[in-house]
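Given the coordinates of chain A, work out where chains B, C and D should sit on it, guided by the hints.
4 protein chains.
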Amino acid sequence: MSGASFFGDMLQTITERGRQLLALAPFGGDAPRPSLEQLCERLLGGNGEASGMALASLILERWRSLDGPEQAAFMTMLLERFGADESRLDAAIDAHRAKPSADTVRALHAAAEPRRQEIIRRLNLAPEGVGQLVRMREALLRMLPERPELAAVDADFAHLFGSWFNRGFLVLKPVDWATPANVLEKIIRYEAVHEIKDWDELRRRVQPVDRRCFAFFHPRLPDEPLIFVEVALTTSIAATISDVLDEDRAQIRAEDATTAVFYSISNCQEGLRGVSFGNFLIKQVVADLRRDLPKLSTFVTLSPMPGFAAWLARQRAAERPDLLDPAERAQLAPLDDPAWDRNPDAVEELQPALCRAAATYLLRARNPAGLAADPVARFHLGNGARLERINFLGDRSPRGLRQAHGMMVNYLYDLSDIEKNHEAFIGRGEVIASPAVQRLAPTTRASQPRSVRPEHAA
Amino acid sequence: MSGASFFGDMLQTITERGRQLLALAPFGGDAPRPSLEQLCERLLGGNGEASGMALASLILERWRSLDGPEQAAFMTMLLERFGADESRLDAAIDAHRAKPSADTVRALHAAAEPRRQEIIRRLNLAPEGVGQLVRMREALLRMLPERPELAAVDADFAHLFGSWFNRGFLVLKPVDWATPANVLEKIIRYEAVHEIKDWDELRRRVQPVDRRCFAFFHPRLPDEPLIFVEVALTTSIAATISDVLDEDRAQIRAEDATTAVFYSISNCQEGLRGVSFGNFLIKQVVADLRRDLPKLSTFVTLSPMPGFAAWLARQRAAERPDLLDPAERAQLAPLDDPAWDRNPDAVEELQPALCRAAATYLLRARNPAGLAADPVARFHLGNGARLERINFLGDRSPRGLRQAHGMMVNYLYDLSDIEKNHEAFIGRGEVIASPAVQRLAPTTRASQPRSVRPEHAA
Amino acid sequence: MSGASFFGDMLQTITERGRQLLALAPFGGDAPRPSLEQLCERLLGGNGEASGMALASLILERWRSLDGPEQAAFMTMLLERFGADESRLDAAIDAHRAKPSADTVRALHAAAEPRRQEIIRRLNLAPEGVGQLVRMREALLRMLPERPELAAVDADFAHLFGSWFNRGFLVLKPVDWATPANVLEKIIRYEAVHEIKDWDELRRRVQPVDRRCFAFFHPRLPDEPLIFVEVALTTSIAATISDVLDEDRAQIRAEDATTAVFYSISNCQEGLRGVSFGNFLIKQVVADLRRDLPKLSTFVTLSPMPGFAAWLARQRAAERPDLLDPAERAQLAPLDDPAWDRNPDAVEELQPALCRAAATYLLRARNPAGLAADPVARFHLGNGARLERINFLGDRSPRGLRQAHGMMVNYLYDLSDIEKNHEAFIGRGEVIASPAVQRLAPTTRASQPRSVRPEHAA
Amino acid sequence: MSGASFFGDMLQTITERGRQLLALAPFGGDAPRPSLEQLCERLLGGNGEASGMALASLILERWRSLDGPEQAAFMTMLLERFGADESRLDAAIDAHRAKPSADTVRALHAAAEPRRQEIIRRLNLAPEGVGQLVRMREALLRMLPERPELAAVDADFAHLFGSWFNRGFLVLKPVDWATPANVLEKIIRYEAVHEIKDWDELRRRVQPVDRRCFAFFHPRLPDEPLIFVEVALTTSIAATISDVLDEDRAQIRAEDATTAVFYSISNCQEGLRGVSFGNFLIKQVVADLRRDLPKLSTFVTLSPMPGFAAWLARQRAAERPDLLDPAERAQLAPLDDPAWDRNPDAVEELQPALCRAAATYLLRARNPAGLAADPVARFHLGNGARLERINFLGDRSPRGLRQAHGMMVNYLYDLSDIEKNHEAFIGRGEVIASPAVQRLAPTTRASQPRSVRPEHAA
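Protein chains in written order, with UniProt numbering: chain A, 1 to 458; chain B, 1 to 458; chain C, 1 to 458; chain D, 1 to 458.
Treat the hints as calculated values from the structure; they're not laboratory data. A couple of the hints might just be wrong.
Since the list gives no way to pick one copy over another, a pair counts as held whenever it fits inside one copy or between any two copies.
Simulated pairs of lysine-lysine, DSS-like, Cα-Cα distance not exceeding 25 Å [claimed, not checked]:
hint	residue 1	residue 2
1	LYS173	LYS197
2	LYS173	LYS295
3	LYS186	LYS197
4	LYS173	LYS186
5	LYS295	LYS186
Just so we're clear, the structure is a prediction, and the values are computed from it rather than from any experiment.
With the rest of the complex left out, here is chain A (with noise of 0.2 Å):
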């Protein structure tokens, strides 16, 4: 609050003087309003700086009370009128040409920045600014189906973020039940995979000693968590969702769990999409814990596979499917039953099928890109971890039928396999998977991947 009506102080402070010369003023006076587009002129300007902030803040003030059109058409005039200056750009290319040098070179990267960049960076200047820069950045990712010339602003924002949404900027907190609420709020707005549906039920999320939350959060935005991680802390590798979420199970004192369970990883900022945390968060958390609770051995997820269900379809729909057979084709026939979970012969005579279908899934189908298809997988293998064991109806939720057949999936990181994991993956295109698991899907490999990062979390 203090801090707020600092700001607000000085903002008025300032942007007053500053409107008052700069005609500015939003309300009454002869002179013309500014358009944006002069604004951001006058923010790129030298002439402008003594009132840098003022109009920053008048800059975001303006972009909020924009219409969707409006805004839409505030990213175009970035995308035409703050390109990189092309005479410019031009001179710079013929002096690297006449005798190319690491100054050409700099000259030649300078001169290629688009001016936008700068504005970008001048408005961060505002009281809160870099908040609504990201949330300025989501709209424009609304955009981009539209109008996707915009690309070419997106990754000027997606530039910027990168380097200051680094993780050595960031900073891993706890969630547990004495955070602010105004963070709580969020994690149970944020949470994508396992819905929380109230207070209670974050509740039993983060209170008890066997459930762990963790955390990154920017400095300059305390009340916004940028990605957070779900742990449950057990004595075995969870199978099913609701051994973690199940409103009675027995609770277990945090010193003698063995086992974490990372059953739910979110990320909160759509505006910050592209930058990478899942990474850290899981090593860090892993870190954290191990110092914390040292007789914790085993370090799991228990993850969906969000693209099993589509892509069994499609090979059941095949007319040759190249990953099933006749026969597992016909024992997945049950499966035309929508309530096919809730009969018990149906269960009994698709877990095998389904579990051979999953192991075939994760370790051969590829996309387009040659890569692991499904995009958690991706994700986890990417990081190093191993596919450790695939669950058959650990998710009995209509979302998890309908994803996956009810199918999940334990990744399994092991620090001291990680890195060679990692390489396995990325370099040569192995999926790093337990004995029991390869046993279901024991046939050679159908197609090869290349070498690869993961795009997304999940």
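The following block gives chains B, C and D in isolation, referenced to the frame of chain A:
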């Protein structure tokens, strides 16, 4: 401490594993120790992602153990081996020339970015990476005079620091007698204008209710002030530094103060040279003080004139000085007595002449770029302050006498005029001064400066 | 968490050693388990000092495992075995009677102190001892109706708590949406005046800029509010609770508020009954709000009249009511319809009569001790507030209708009159009321109260 | 600062109103200024409740302006005017004698409580009251030698402080180089055992990783350490203070330490004399260090023997010393040379004799009460430590030579024996010592001490 041990733990965990695989083991082992260049390549490589923090820590650890020539060699390696990829850059230029578009510019910009920028970003992954990178640039800046070609490397550090230390990420904090000692000792060490001899003197500057000190901090460098300003709360505009620093001065209640005198501004981090904070610091402190002490109405500096004595010596030595007429030159003769300030006759004689000369220097002397010759004047005038008063024998310290024959200056920050003054100075080269100062040097302007931006504070 | 594990560790260390020596081992071992009485003796004994913390923890641990009758037996033991040492007391009386002096009084005072007071002090040595002692007294208070003899033990708790929870040791903190959830859930739980149904309603009371909440905390009970007050910032004196709590009310800017309405004050710790905080809380919140929002000029409550309906029922039922004349009695007849508040005719008819009756009740009804009959009135008038306004149908909730036929009261805190009003009420029994309220019940005072102190807030 | 201005504001608000009504206006006004006695009566009176904080502040403000004799007069007034109410006390005695019960004891206890105890509690209402009360008792303690009758007043302060500064309310904090300067300067000031000359020496004691310092704080006195202990982490039991304090000593990594040497314990608040903290401090620091550094296995002091030289002088001067035989006396003759410690022959000759004498002193010398003669020995033995080793020339400072001929002692805290040792010392008067120390003074015990509690730490 807890943070440190946490990171230590994590590093132990992750680094050791990473080292084993990567054959980085510092002692023993059969594999040859990889070179720093190899480590940097691995840090950049997609392959090393799982061990990015370990690699970054290892590189920084090695860097700290290098001697001066080895550090210079490291920088030269960054220059020569981690510039832009030339063939990629050539291709990007060709593509742009063939059919220019926002996309070809973006590709060009990316291709022209030296690879060492990404190395610097990834080194920031290491615990306390940002502080070590600042110190790394400090070392680099010391190399530059001997190795001007490293300016290209320095430009990359400067570019990233400008973005990371954007004012939007900084926090203003009061520095007082309840501030941690490890911060206060840095105030002692970094005070660049009026030396702080010991802890007792420090206490006199930060503890009394009519003395204030404020600093900017970066959230990830909580023990390192970036820049600080010392303020005296008074009932009139201080004319001499001893008015401010005298041990026996009469203390007043903060609520009774009408005037805030900014008598010292010091940058703390040589490694952040060129990242400008001073402008924002002064304005935010003005806003802060106004809020807390509504009776404060005058905000003024008590500043040195570091270039005055040298300029005056040149004028006096010149055959045909451009800004000193023969009568004035004659009046300044007593300056040749090095102890003139203790000779009442000399003092009386010199007062009018030195005041006139000082006014001339501030109003009309220009540096080769056509700017105000005095760097402190450039800073405050560029911020929109007004040259308010010239103070004879304001600083009788040896340094004050040597640099400026004891003269000091008050610059006035009047928020209603800041923008106008700034425009006048930057846009039209006018030095805005009080009538009293203008009267001291009434002749027509000798030279017209061009529009410029101030370079550095003092 | 760190604190907890630290204490746990220390306890493990110290308690285990202590237990071994003292043969306190909870499981196994040959020695018979010492009784709680023996443990208390040891706690008092000089002999046990080295293990004071261990003993205190052990006693509290045992206490928590007792069932109700056992806890009552423990209290009876404190009463019977740990009173004053009678022979020592007799000797002290004799010495005092022989030759009274400051020293004999001191000896008498010491001898008359029940030994259980020192037990309570030493139980406070245990980690989190103070919180457990508060809960211990809570249990004791529940026993009192059945075991009035334990009042002597309760007096010892009350005496020490009065000293420990002295206002000088308390900290006022704002409670808002950035307050930790474990504190906020206590606000929900302890709200005694206008129930908070869920987290959404809580948020409406603490998050909007024109709603405030403040609580007193003891530094050693950081998660436990002791008492809290809810405040609405408005532009006029609220007359009904729905003005304040309505979900769809128009929100105002805090800076525009002229009036602070204290609409709910709740004590949180039954175990601290009799330790009065409310007086200090209101005055400190008034001071705090005045400082932050200088435009606030009116500080007023919106209070219930919890005893009104019962009093009025007695008056209406009495053969010869002292404060209700027959005409008034007749006008109140529509009250017999339990749904009168939804009947416009009844409402119109009752308004003047109920307002007159309420004014009579507040101005003239006395309890047996000669004090204002209404406990809330006693609290605010005793604090120096003025009875400002009576609000017809200010609270249409079932409880409001049941307790006070929906009437509410505004008490005004005018700092310039607080002391005068307080003196008038406490010293001379006068109820200071606004002219408007006085006009409602103009007859001569029926009874003159005697000087008193208010007992409890509401 | 914010807190201060807040309280200032509130006081301004409340105090001024209170003063007006109570005719307390410090300047001007017709009413005569009330005496401190009148103010104290009002503070006690139910009548003054609304202005309790104002009155308390006013009394404390007046107190601060009193000179020494006036302060003594104030204390005498508390003694004479604010003792117990004698007629009430007499009545309570009569009632008790007539029919004793828990209730008559309770009434007696209440009646025997001097009214000044309630005054002290109410003075605590003032902002920063508790700190001022501690300083008030400091002044009172200085008066006692001249005015022994004030001991009764002192007893009231001591009684309340014992309750308020109960260990359960205190917080242990590490003191290091990141501690606020206003706390650190108090460490410099209060260090009572081995003087800290300046900030550089302070830094050497708190900044290195193998040096630690811990202090107890009261939450309402955050800038005032109550007691602190300095610890050296080492790999062996330090025998001399220069081992610990030498500027050029080799620093070790904290993780490599096996031994924690407590080389200085200092009480900070003379006003809290008699409230014992040292026992708890040492044990909590032991627990804290064990948790952070599991390799630590030995916890030992390096302590002075402040009474040794005086005791030895008496023995040597006595005609028939009880604990010094003629042969020993002869061997001690070189002590008569004041510079013996710089004479190698004298040093060699004295070493065995002084070690024997020191062991005799510690094991057998008794004070008049039959306790160990040395106050530091009494403290540590009473805490359950063992007398581990006697160190010849452990402290060559002038004070060390003067007080103890340079001898120092190690007391060992072994948590498994603490309770047993404590019992032996307190219960049976045995000094538990290592075999090595016992061998130094093998004769039969000269005197048998009685059970006692230690009085004060050193």
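Evaluation of the provided hints:
1. LYS173 with LYS197: within (23 Å within a copy, 30 Å between copies)
2. LYS173 with LYS295: This pair counts as within: shortest intra-copy Cα distance 22 Å, inter-copy 28 Å.
3. LYS186 with LYS197: Both, since 12 Å and 21 Å are each at most 25 Å.
4. LYS173 with LYS186: Both: 14 Å inside a chain and 24 Å across chains, each within 25 Å.
5. LYS295 with LYS186: neither (32 Å within a copy, 34 Å between copies)
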